[in-house]
Amino acid sequence: MHAIEAVDLVKNFGDTQALRGTSFTVNENEIYGLIGPNGAGKTTTLRVLSTLISASKGRAEVFGLDVARQPEKVREILSYLPEEAGLYQHLTGLEFLEFMAGFYADDRERRSSFVEEGRLISGLGERLRDRSNEYSKGMKRRLLLARALMMKPRLAILDEPTSGLDVIQSVHVRNMIKDYADRQGVTVLLSSHNMLEVEYLCDRVGLMDLGVVVAEGTPDELRDRYGAKNLEEVFMEVTNHE
Amino acid sequence: MPIIIFPVMGGAIRISQESVQRAVVGASFAVYTDDEGFVTEALLEYLYNNNTVVPIEAASLEDALRQFQDTDSNALIYIPRGYNDNLTQSMNGELMVYANLRKLNMAETQSTNVVSSLINIYNYYFSLSKIRRLLEQTGAAGTPEAIRSPISVRYASILKGTVLDIPPTSIINLVMSQSIMLPIMVMMMVMFAIQMAATSIALEKEQKTLETLMTLPVSRLTVLAGKLSGSIVIAIAGSVSYLIGFGYYMNSAFAFVPEATTMSIDEVSVGITPFGMLLVGMVIFVTLVSALAMALSIAVFADNVRSAQSFTGILITPIMIPAIILMFSDIDMLPQAVQWVLLVIPYTHSIIATKAAFLGDYFVVIRSIAFISVWTFAVLYVAAKIFSTERIITARFSLGDVRKRMRLGR
Chain C
3 MHAIEAVDLV KNFGDTQALR GTSFTVNENE IYGLIGPNGA GKTTTLRVLS
53 TLISASKGRA EVFGLDVARQ PEKVREILSY LPEEAGLYQH LTGLEFLEFM
103 AGFYADDRER RSSFVEEGRL ISGLGERLRD RSNEYSKGMK RRLLLARALM
153 MKPRLAILDE PTSGLDVIQS VHVRNMIKDY ADRQGVTVLL SSHNMLEVEY
203 LCDRVGLMDL GVVVAEGTPD ELRDRYGAKN LEEVFMEVTN HE
Chain A
68 MPIIIFPVMG GAIRISQESV QRAVVGASFA VYTDDEGFVT EALLEYLYNN
118 NTVVPIEAAS LEDALRQFQD TDSNALIYIP RGYNDNLTQS MNGELMVYAN
168 LRKLNMAETQ STNVVSSLIN IYNYYFSLSK IRRLLEQTGA AGTPEAIRSP
218 ISVRYASILK GTVLDIPPTS IINLVMSQSI MLPIMVMMMV MFAIQMAATS
268 IALEKEQKTL ETLMTLPVSR LTVLAGKLSG SIVIAIAGSV SYLIGFGYYM
318 NSAFAFVPEA TTMSIDEVSV GITPFGMLLV GMVIFVTLVS ALAMALSIAV
368 FADNVRSAQS FTGILITPIM IPAIILMFSD IDMLPQAVQW VLLVIPYTHS
418 IIATKAAFLG DYFVVIRSIA FISVWTFAVL YVAAKIFSTE RIITARFSLG
468 DVRKRMRLGR
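Sequences listed follow chains C and A, in order. Residue numbers for the first sequence follow the numbering used here, so the first one is 3 and each next one is one higher. Residue numbers for the second sequence follow the numbering used here, so the first one is 68 and each next one is one higher.
The hints are simulated quantities; they were obtained by calculation from the structure and are not laboratory data. The C-beta atom is built at its ideal place from N, Cα and C for all residues, glycine as well. Errors might be hidden in some of the hints.
To be verified - Residues of chain A clear of chain C, computed beta-carbon distances all greater than 10 Å:
1. Tyr113
2. Leu132
3. Gln406
4. Ile412
Stated by the list, open to error - With a straight-line Cα cutoff of 30 Å, these simulated DSS-like cross-link-like pairs (lysine-lysine) come out:
5. Lys180/C <-> Lys139/C
6. Lys275/A <-> Lys180/C
7. Lys231/C <-> Lys180/C
8. Lys275/A <-> Lys142/C
9. Lys275/A <-> Lys154/C
10. Lys275/A <-> Lys75/C
11. Lys75/C <-> Lys59/C
12. Lys59/C <-> Lys452/A
13. Lys75/C <-> Lys154/C
14. Lys275/A <-> Lys59/C
15. Lys275/A <-> Lys139/C
16. Lys452/A <-> Lys75/C
Produce the complete structure using the sequences and hints provided.
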């Protein structure tokens, strides 16, 4: 069974067609990166898979569950980090993790273990006792990522996880994702327009352009297939951009 | 906040009323006379007795007015030449009252009113004594009071089939002072709850937490129920504090109104029974749920808190209009067309129901509850539809969009 199976996804927003038949599969325990320029349809794809919006046509399954027909069951096994996610500003980092853990665990022991995991993932230490409106952008992103991963979801969907972060914070976040996925065996689907980042992080990659996945494979396979030095060159070759 | 605001308002009004009363009681007035004679002397004696009077000695009225303006008095009674002669010849005696409006406040007009009252009382007894003398001279039958005011009217009221020897205005004043609280309370509570519910959903959008919230393992209807119940709990807590604060405000601000202290609501058998109170509770509850569901449905279309509050501002208008109209009149008293317009607005029924509960007309209350409940279910259905679809994420609407569409249409 695939972790994700997306088949001919089409999404229309009025006259605009954001997805024009997106198809790809993600295997269990792998980190899969959707890459492409702005407007390629990456975020729309992630939103369909995380049950936020529904596809106009096509089918998508997460661990065999249909995202359109069984959205509540899908939400039990996935965790989604939106690109522009925010925090409840009146809560401290710790309170935010406790609040979010409450949605995934009824008993106090499990909740505490999730919060402890979140505390470790975030690496924010004592700063977790501060209100989140006092955090830097990098700290906020680390806390949000900790929230997304702390309950060990079967699938973590991360939209542009390092967007807007400086180099140091980006490296930290990348390492957090890679370490956690390796350690916990979590399947990760992430999107990025930073192709070098995806090359470093992902086991397999899907190149998206104009609402379709135009090429798919491991970074090595793609480079070899198109005789390119890196994924940027692969992308330019596949999409015929000059 | 309301538990502080209303008592402070009530306290402020009470302080200002008391200071006006103190100013009136201690008000001094000036007297200047150009006339003499025993009738004038009698008036002066009456005025000087039990009042703080500032006598003005001057060569002319102009001088007297100048001197008057240098005193602390707010009113000057001027007795012109001929007052004594006119009255002794059974002609009209004229007095002139000058009010010095230095600060244009209520106390200044009150002291003029005190002077007017003093003169009216004097006028009344003076006329009675003149009539009595005429009756003695002519030997005619009758009393001076009956000749001065031949017709007197006594008022009684029929309330719920019982004839009460109480003027209708007294009952209405009493009932109004109590029943006015309910529409105000309902209106304020609903507006408070609407703003809060709209803000709660708009804040999720503004702080970018809505997408995360919508991917958590809870049903969308649970999120809607959570938002509704949270807002209801705070709205009820808010309205209880409004009630306490407003009650104190009414008591302190209108403590000087004699009707409210001399007659209790029980004496005229008007008031809310426990059953009526229960029905009012139901009215408030269904009203709140529908208003909150509507606020949440509308706020979904806003990007931020400011837009949400602009949108809900539109919603507040149909709540305020019936509340204000029905605060002072009854639905049956309005023109037919206005009645129909008001009756279409569900929140009109909330106010009709609270008033009817007060008068023990439970059929009207239950009918209103039924109407609001149907409306509430309709609104909840729409809210549930919006929350269970992607509209909660994708819906966007701004006043700018309307302007753009209008420009394109043109």
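Status of each hint after checking the structure:
No Cβ of chain C approaches the Cβ of tyrosine 113/A within 10 Å, the least distance being about 70 Å, so the stated non-interface status holds. Consistency note on leucine 132/A: stated as away from chain C, and its beta-carbon is indeed over 10 Å from all of that chain's, at 65 Å minimum. No beta-carbon of chain C comes within 10 Å of the beta-carbon of glutamine 406/A; the shortest separation is about 42 Å. With a least beta-carbon separation of about 33 Å from chain C, isoleucine 412/A lies farther than 10 Å from that chain, consistent with its non-interface assignment.
In summary, the hint linking lysine 180/C to lysine 139/C is supported, as the alpha carbons are separated by about 21 Å, within the 30 Å threshold. For the hint linking lysine 275/A to lysine 180/C, the alpha-carbon distance of about 26 Å falls within 30 Å, and the restraint holds. For a cut-off of 30 Å, the pair hint linking lysine 231/C to lysine 180/C stands: about 23 Å separates their Cα positions. Restraint check for lysine 275/A and lysine 142/C: satisfied, since their Cα atoms lie roughly 12 Å apart, inside the 30 Å limit.
Distance hint between lysine 275/A and lysine 154/C is fulfilled; the C-alpha atoms sit about 23 Å from each other, no more than 30 Å. Distance restraint check for lysine 275/A and lysine 75/C: the Cα-Cα separation of roughly 24 Å lies within the 30 Å cut-off, and the hinted pair is therefore satisfied. The straight-line distance between the Cα atoms of lysine 75/C and lysine 59/C is roughly 21 Å, inside the 30 Å bound, and the hint therefore holds. Simply put, lysine 59/C and lysine 452/A have alpha-carbon atoms about 21 Å apart, close enough for the 30 Å limit, and the pair holds.
A hinted pair counts as satisfied when its Cα atoms are at most 30 Å apart, and lysine 75/C with lysine 154/C qualifies at roughly 16 Å. For the given pair, lysine 275/A sits about 28 Å from lysine 59/C by alpha-carbon distance, which is consistent with the 30 Å threshold. A distance of roughly 14 Å separates the Cα atoms of lysine 275/A and lysine 139/C; the hinted pair therefore holds under the 30 Å criterion. Simply put, lysine 452/A and lysine 75/C have alpha-carbon atoms about 20 Å apart, close enough for the 30 Å limit, and the pair holds.
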